[in-house]
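Trainee: Fit chain X to the known structure of chain E by using the hints.
Respectively, the protein sequence lines represent chains E and X. Quick note: to get my numbering, add 79 to the position in the first sequence (first position is 1). Quick note: to get my numbering, add 914 to the position in the second sequence (first position is 1).
By construction, these hints were calculated from the structure, which means they are not laboratory data. Check the hints yourself; a few may be wrong.
The list that follows gives simulated cross-link-like pairs (lysine to any residue, SDA-like), each with its CA atoms no further than 25 Å apart [said to hold, decoys possible]: (1) X/K1416 - E/P201; (2) X/K1164 - X/E1216; (3) X/K1300 - E/V147; (4) X/K1035 - X/K1073; (5) E/K83 - X/E1313; (6) E/K87 - X/G1309; (7) X/K1095 - E/P183; (8) X/K1300 - E/E149; (9) X/K1298 - E/D103; (10) X/K1298 - E/E149; (11) X/K1078 - E/T172; (12) E/K144 - X/E1263; (13) E/K83 - X/L1256; (14) X/K1300 - E/G123; (15) X/K1415 - E/D195; (16) X/K949 - X/Y976; (17) X/K1164 - X/G1473; (18) X/K1448 - E/P224; (19) X/K940 - X/Q1420; (20) X/K1073 - E/E205; (21) X/K1416 - E/F225; (22) X/K1298 - E/G123; (23) X/K1078 - E/D195; (24) E/K198 - X/K1073; (25) E/K83 - X/E1320; (26) X/K1329 - E/G82; (27) X/K1078 - E/C213; (28) X/K1310 - E/R117; (29) E/K274 - X/K1415; (30) X/K1310 - E/L104; (31) X/K940 - X/R1057; (32) X/K1329 - X/K1300; (33) X/K1298 - E/Y140; (34) E/K278 - X/K1415; (35) X/K1310 - E/G82; (36) X/K1300 - E/T137; (37) E/K278 - X/V1418; (38) X/K1310 - E/W106.
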Amino acid sequence: MYGKGILKSLSVTWKRFWMTYIEDLSWFFRRMAGGVNRYYTDEGIARRSSADTRGIFTIQYPEEKLPVHEESRYLPFLVYDETEDGEKDVRCTSCGICAKVCPPQCIWIVGKNDPDSGKSIPQIAEFYIDADICMNCGFCSEYCPFDAIKMDHEYELAAYKRNIYNMDMLLKPAEYYASIRPENAAREDEARRVKEEAKAAKKANAA
Amino acid sequence: MATTVSTKSVDLSTIFPDAVIADERKGYTGWLVEKDNLIEIATYVREELDYDLLSSVTGVDYLPEEKMEVVYQVYKTTGGPGLFFKVQIPREDPMEIPSVINIWPGADLQEREIWDLYGIKFPGHPDLRRILTWEGFEGHPMRKDWQEPFYEEETKPFKSRWPKGEHIHAEEINPYHDNLKFPPKFNPENWTPTDPEEALYTSLKKFTTKNEDGLEAEQIIVNMGPQHPSTHGVFRAVVVLDGEKVVSLKPVMGYLHRNHEKIGERNTYLHNMPYTDRLDYFNSMANNWAYALAVEKLMGIEVTERSEYIRVIMSELTRIQNHLVWVGIFLNDLGAVVTPLLYAFEERELILDIFEEVSGARMMCNYYRFGGVVRDMPVRAFEKLKQLVYDRLPGKIEEFERLLSENEILLSRVKGIGYLSAKDAIATSMTGPMLRASGVPYDIRRAEPYGIYDRFDFDVVTRPECDLYARYHVRIEEMHQSLRILEQAVSTIPEGPILPKKPVYQVRVPAGEAYGRIESPKGELGFYVISNGKPNPWRYHVRAPSFINITALEKMCVGEKIADFVAILGAIDIVLGELDR
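Here chain E stands alone, though its shape is the one from the complex:
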């Protein structure tokens, strides 16, 4: 029969159309029974991005936002540990690996020299990232041997001007890093602790 295929197609759109109401109604009744709303709640967003989502799929950005995954990467930032007297202990040693491994070469590092001897010391004087050029590949954080540069989860970066991030804008505390990437931070802290213990044990043995 001519037109059977069209009817079959329409049955799909028809089903999809009703599914939005069925899904919304089921959440409505659940809410009546003390559940949460399908929209503007974390449960609702999780449902809509899960593998058995049905009905309305859209996330109402910016009112709603998809959760950012642990490994998600946007722009890099520099990590510092806070010392006991409130000083910023920047992890970066200005080894330059991130600047070398950066594919679009958007990292500029100024090393620090010892004021007395004039020799270079493992600290940074200035650190620039040209965020307009950065391609968010994550190589800098992947190959940094000191866990000093990490990828941020901040993605709302629209600006009116060119974005050249200097050290003031790039430095963020280690607690912030642990809050956005808890699994990675825990793993790295553990690895560093083991390494330091081994070092201390070696020193003790030598002495």
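Mentor: Just chain X now, with coordinates in the frame of chain E:
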């Protein structure tokens, strides 16, 4: 099915003892062919040895040796390893190599590209114009002595970045403060431009038609694009119309050209990985693999077992989402605006969620490394993957078939349109679903298995119709086959290390050449990489399926209506990031 894999290598130098010698440079394979005998040898390779698929033609500039080289890579559509032969000429203008377009018509656009980027002329080519840059462009940008406007240094990493890295803007390097460079002694004030399009319009076939009454119908030229919603970006086709019928057509491209290959030669090997994401931005997982494959061949390293499985899983997921989006956008082109597209995007988003969880980005994944992948798949992502593969996607693809496969409106738009016979498809170097829709069972996963594809059970999908309907069906069926592979991979993935050793940022790549090719969702994606032992590749060439599949566009469109041009172009599945490179 193309399972007959012949491993017998051909010894060209015994067949042509005077004209061919084996390429004995360290790390190289193939044959060096005399320029004057090229046509004779190429004809023999095509006719007698049955290497019917010209995969890639590309130039290489050996500046220190004062030589230019053109590399031909040919394969058999029945499967098996390829045959590489090369022509070397002295590096002084005019450089000329006879065109092989009459033997393999698929050389058409590729020879134009070599002329454009390397300045090697191909006598015998009927329409040798620039292709990626514009007529009037100064110089040939892929030559090693050509420098781009924001030129800083020959190779990365640039020395200005560390340890004395005061930030400067790239445009401050250029005296014009712009992405522009004038040839020496050029005065823009006195310059009168010649019409750059003249060569293009004269290249279109011109003839008038007379109907029975003796009335002469005038033909009109219509520019489809570059700003045209149906061209999927900034592709342009100049069409000569007789009424509504397409008489002649020329593709015009390069509006998104950024000289990816030159950037690739300035980069180190690792730097190139995220750049490959930006080629075919729908399939960054596939692009990464092809590049990793080429470099791994050069380095001679093995990929860890678990990584091989993860690679297959990611690559097949990307195939499913690519074909889903293709179906949606194809229907968009045909006029079924947005509904099928959004249905497709729903599933695609779920797949991209998995990509984001494993790699950190939804589209620019940058997930593969030489010898493996960046990191293991998180448990959450693996659980979601299983749900998608076993529960959700099979039903959703069937829903697509219910929605579309019998729909009379769709059928009347696709049946019998855009005919491309198997012979023409092979001759014009079509690959991927386009070739299989012409009835040729050629799939690199079977013809020359890479990774661990030889362990999986799947069918190479073909259709005999050679029209749009076949191209639609091949892709739908391929999604089912991808799910089959995924089911096998998910159930058998072993535990184990991800990378063979601690990752290093500066890989050591021995000198030599390698061609890594995979079956990307759009066709054969190949990376031809030449190393001279230094940290940067000497040559980095992308054999892009979108670009080469355009070769047959005119053949498919002539005789069809202008409205069907949109559908035919849509069915090729081009992505401009890859087409223009």
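Trainee: Indicate, hint by hint, whether the structure satisfies it.
Mentor: Each hint tested on the structure:
{"no.": "1", "hint": "X/K1416 - E/P201", "verdict": "24 Å, holds"}
{"no.": "2", "hint": "X/K1164 - X/E1216", "verdict": "44 Å, violated"}
{"no.": "3", "hint": "X/K1300 - E/V147", "verdict": "21 Å, holds"}
{"no.": "4", "hint": "X/K1035 - X/K1073", "verdict": "37 Å, violated"}
{"no.": "5", "hint": "E/K83 - X/E1313", "verdict": "16 Å, holds"}
{"no.": "6", "hint": "E/K87 - X/G1309", "verdict": "16 Å, holds"}
{"no.": "7", "hint": "X/K1095 - E/P183", "verdict": "21 Å, holds"}
{"no.": "8", "hint": "X/K1300 - E/E149", "verdict": "20 Å, holds"}
{"no.": "9", "hint": "X/K1298 - E/D103", "verdict": "23 Å, holds"}
{"no.": "10", "hint": "X/K1298 - E/E149", "verdict": "16 Å, holds"}
{"no.": "11", "hint": "X/K1078 - E/T172", "verdict": "14 Å, holds"}
{"no.": "12", "hint": "E/K144 - X/E1263", "verdict": "14 Å, holds"}
{"no.": "13", "hint": "E/K83 - X/L1256", "verdict": "24 Å, holds"}
{"no.": "14", "hint": "X/K1300 - E/G123", "verdict": "22 Å, holds"}
{"no.": "15", "hint": "X/K1415 - E/D195", "verdict": "42 Å, violated"}
{"no.": "16", "hint": "X/K949 - X/Y976", "verdict": "17 Å, holds"}
{"no.": "17", "hint": "X/K1164 - X/G1473", "verdict": "14 Å, holds"}
{"no.": "18", "hint": "X/K1448 - E/P224", "verdict": "24 Å, holds"}
{"no.": "19", "hint": "X/K940 - X/Q1420", "verdict": "22 Å, holds"}
{"no.": "20", "hint": "X/K1073 - E/E205", "verdict": "16 Å, holds"}
{"no.": "21", "hint": "X/K1416 - E/F225", "verdict": "15 Å, holds"}
{"no.": "22", "hint": "X/K1298 - E/G123", "verdict": "17 Å, holds"}
{"no.": "23", "hint": "X/K1078 - E/D195", "verdict": "19 Å, holds"}
{"no.": "24", "hint": "E/K198 - X/K1073", "verdict": "19 Å, holds"}
{"no.": "25", "hint": "E/K83 - X/E1320", "verdict": "8 Å, holds"}
{"no.": "26", "hint": "X/K1329 - E/G82", "verdict": "16 Å, holds"}
{"no.": "27", "hint": "X/K1078 - E/C213", "verdict": "19 Å, holds"}
{"no.": "28", "hint": "X/K1310 - E/R117", "verdict": "23 Å, holds"}
{"no.": "29", "hint": "E/K274 - X/K1415", "verdict": "19 Å, holds"}
{"no.": "30", "hint": "X/K1310 - E/L104", "verdict": "23 Å, holds"}
{"no.": "31", "hint": "X/K940 - X/R1057", "verdict": "23 Å, holds"}
{"no.": "32", "hint": "X/K1329 - X/K1300", "verdict": "36 Å, violated"}
{"no.": "33", "hint": "X/K1298 - E/Y140", "verdict": "23 Å, holds"}
{"no.": "34", "hint": "E/K278 - X/K1415", "verdict": "23 Å, holds"}
{"no.": "35", "hint": "X/K1310 - E/G82", "verdict": "23 Å, holds"}
{"no.": "36", "hint": "X/K1300 - E/T137", "verdict": "23 Å, holds"}
{"no.": "37", "hint": "E/K278 - X/V1418", "verdict": "23 Å, holds"}
{"no.": "38", "hint": "X/K1310 - E/W106", "verdict": "23 Å, holds"}
In the structure shown, a violation is registered for the earlier hints numbered 2, 4, 15 and 32, in ascending order.
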